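S.K.: Sequence:
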Amino acid sequence: MNHNNAASAANKDQQIVIGFLLALLSGFSYSTEAIAAKLLYDHGLSPLTVLTWRFLLAAFIFILWARQQLLSLHYNHYRLFVLLGLFQAVTVLFLFYAFMYIPAGLAAFLFYLYPTLVTLMETIFLGIRPNSKRLLALFITLIGLIIIAGPSITIGFSWPGLLYALAAAVGNAIFMLLSDRSLQDLPVAVVSAGTTTTATLAFLAASALTHTSLSFPLEGTCIGLMLFLVLVPSVLALSCLLSAITYLGPGRTAIVATTEPFFTTLLGFIILGEHLYVREIIGGILIVLAVLIERS
Numbered sequence: 002m003n004h005n006n007a008a009s010a011a012n013k014d015q016q017i018v019i020g021f022l023l024a025l026l027s028g029f030s031y032s033t034e035a036i037a038a039k040l041l042y043d044h045g046l047s048p049l050t051v052l053t054w055r056f057l058l059a060a061f062i063f064i065l066w067a068r069q070q071l072l073s074l075h076y077n078h079y080r081l082f083v084l085l086g087l088f089q090a091v092t093v094l095f096l097f098y099a100f101m102y103i104p105a106g107l108a109a110f111l112f113y114l115y116p117t118l119v120t121l122m123e124t125i126f127l128g129i130r131p132n133s134k135r136l137l138a139l140f141i142t143l144i145g146l147i148i149i150a151g152p153s154i155t156i157g158f159s160w161p162g163l164l165y166a167l168a169a170a171v172g173n174a175i176f177m178l179l180s181d182r183s184l185q186d187l188p189v190a191v192v193s194a195g196t197t198t199t200a201t202l203a204f205l206a207a208s209a210l211t212h213t214s215l216s217f218p219l220e221g222t223c224i225g226l227m228l229f230l231v232l233v234p235s236v237l238a239l240s241c242l243l244s245a246i247t248y249l250g251p252g253r254t255a256i257v258a259t260t261e262p263f264f265t266t267l268l269g270f271i272i273l274g275e276h277l278y279v280r281e282i283i284g285g286i287l288i289v290l291a292v293l294i295e296r297s
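With my numbering applied, the sequence shown covers 2 to 297.
Please keep in mind that the hints were generated in silico from the structure rather than gathered at the bench. Predicted model only: the values in this text are computed from it and were never measured. It cannot be assumed that every hint is accurate.
[Stated by the list, open to error] Under the rule of at most 20 Å between Cα atoms (straight-line distance), these lysine to any residue pairs were calculated in the SDA-like manner:
(1) Lys39 / Phe270
(2) Lys39 / Tyr98
(3) Lys13 / Leu184
(4) Lys39 / Trp54
[Said to hold, decoys possible] Label pairs and their computed distance ranges (CB to CB):
(5) Phe97 / Leu72: 29 to 37 Å
(6) His276 / Leu163: 22 to 30 Å
(7) Leu273 / Pro218: 17 to 25 Å
(8) Tyr76 / Leu290: 43 to 51 Å
(9) Pro161 / Arg280: 22 to 30 Å
(10) Asn132 / Phe217: 20 to 28 Å
(11) Ile17 / Thr211: 41 to 49 Å
(12) Phe61 / Arg296: 30 to 38 Å
(13) Arg182 / Tyr278: 35 to 43 Å
(14) Phe97 / His276: 18 to 26 Å
(15) Ala207 / Arg80: 17 to 25 Å
(16) Ile125 / Ile19: 28 to 36 Å
(17) Leu210 / Phe126: 29 to 37 Å
(18) His276 / Ile125: 38 to 46 Å
Even glycine gets a Cβ: it sits at the ideal position worked out from N, Cα and C.
Could you build all of it, start to finish, from the sequences and the hints given here?
M.R.: This is how it looks when you write it as structure tokens:
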């Protein structure tokens, strides 16, 4: 009996480790998005054009991956996909508009309140009470994000920007919880295909309403950047995120995912030559500490 209990505990611990590694890989993959997107914007492409092509190509890959399983879905699954895709699209669009009104550091800080919102929603709607380690990890994460954001938190305040960033945080929190619900019945590839397909339709509709051109220059650099944007911060990142949720649940996964802004800062320093401040290193260390506390 003791042997069975020990084996069960070891297996559970192994699953947690796998979940944390997947969440970290997802955070790192998502962190490359800002770099690739910025380079594409430098080639004259609009954010909505980039988003539409990114999700369209990612949806194509996921549909090929899950093509056999997609044929046997129930009507309720499609309704869930619509919600997932819409919240994913709304999150991305609201965050983009937030960047137009307020500094990037402030927008990122407000957006990464979503792990706290996930825990709050789990408590209110699902009756899942967070333990002391979860609360401590959330607190340290918020402190780390404040330090990384730095002076931008106190300057450039704008109500529209504030509301857009908070709406993006709420949208992402709901997306995490809906993903957890859908993954109870369906594999990662199917959920990813449904999510990206619906998000693509939302971006196509937004492009039509705003008369945004979807023309894409067939240049080697642009094609390479777009393929990278599709494969790494889209296909790989979303697959790892959803897989992590199956191992850790949405609350834990959200906390580990807050490593993304620190990874983004490091990549900006390494690839784009952007300045790396001491406060960003300190904030990143605190976020890693929060992840370790949650892991323990």
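S.K.: Each hint: holds or not?
M.R.: Verification of the supplied hints:
Using a Cα cut-off of 20 Å, the hinted pair Lys39 and Phe270 holds, with the two alpha carbons roughly 14 Å apart. Between Lys39 and Tyr98 the CA atoms are separated by roughly 15 Å; this keeps the pair inside 20 Å, and the hint holds. Between the alpha carbons of Lys13 and Leu184 the distance comes to roughly 19 Å, so the proposed pair stays at or under 20 Å and holds. Proximity of Lys39 to Trp54 is assessed by CA-CA distance (about 15 Å); at most 20 Å being required, the pair is judged to hold.
Checked against the hint of 29 to 37 Å, the pair Phe97 and Leu72 passes, with Cβ atoms roughly 35 Å apart. At roughly 26 Å, the beta-carbon separation of His276 and Leu163 lies within the given 22 to 30 Å, and the hint holds. With their beta carbons about 21 Å apart, Leu273 and Pro218 fall inside the hinted range of 17 to 25 Å. The hint said 43 to 51 Å for the Cβ distance between Tyr76 and Leu290, and at roughly 46 Å that hint holds.
At roughly 27 Å, the beta-carbon separation of Pro161 and Arg280 lies within the given 22 to 30 Å, and the hint holds. In this structure, Asn132 and Phe217 break the distance hint of 20 to 28 Å, their C-beta atoms being roughly 48 Å apart. Look at Ile17 against Thr211: about 44 Å separates their beta carbons, and that is inside 41 to 49 Å. Look at Phe61 against Arg296: about 36 Å separates their beta carbons, and that is inside 30 to 38 Å.
Distance hint for Arg182 and Tyr278: a CB-CB separation of about 40 Å, consistent with the stated range 35 to 43 Å. Between Phe97 and His276 the Cβ separation comes to about 24 Å, which falls inside the hinted range of 18 to 26 Å. The supplied range of 17 to 25 Å is met by Ala207 and Arg80, whose beta-carbon atoms lie about 21 Å from each other. Checked against the given bound of 28 to 36 Å, the beta carbons of Ile125 and Ile19, roughly 29 Å apart, stay inside it.
Take Leu210 and Phe126: their Cβ atoms lie about 32 Å apart, and the range 29 to 37 Å holds. Restraint check, His276 to Ile125: a C-beta distance of roughly 41 Å satisfies the suggested window 38 to 46 Å.
This entry does not satisfy hint 10, going by the numbered hints stated previously; all others are met.
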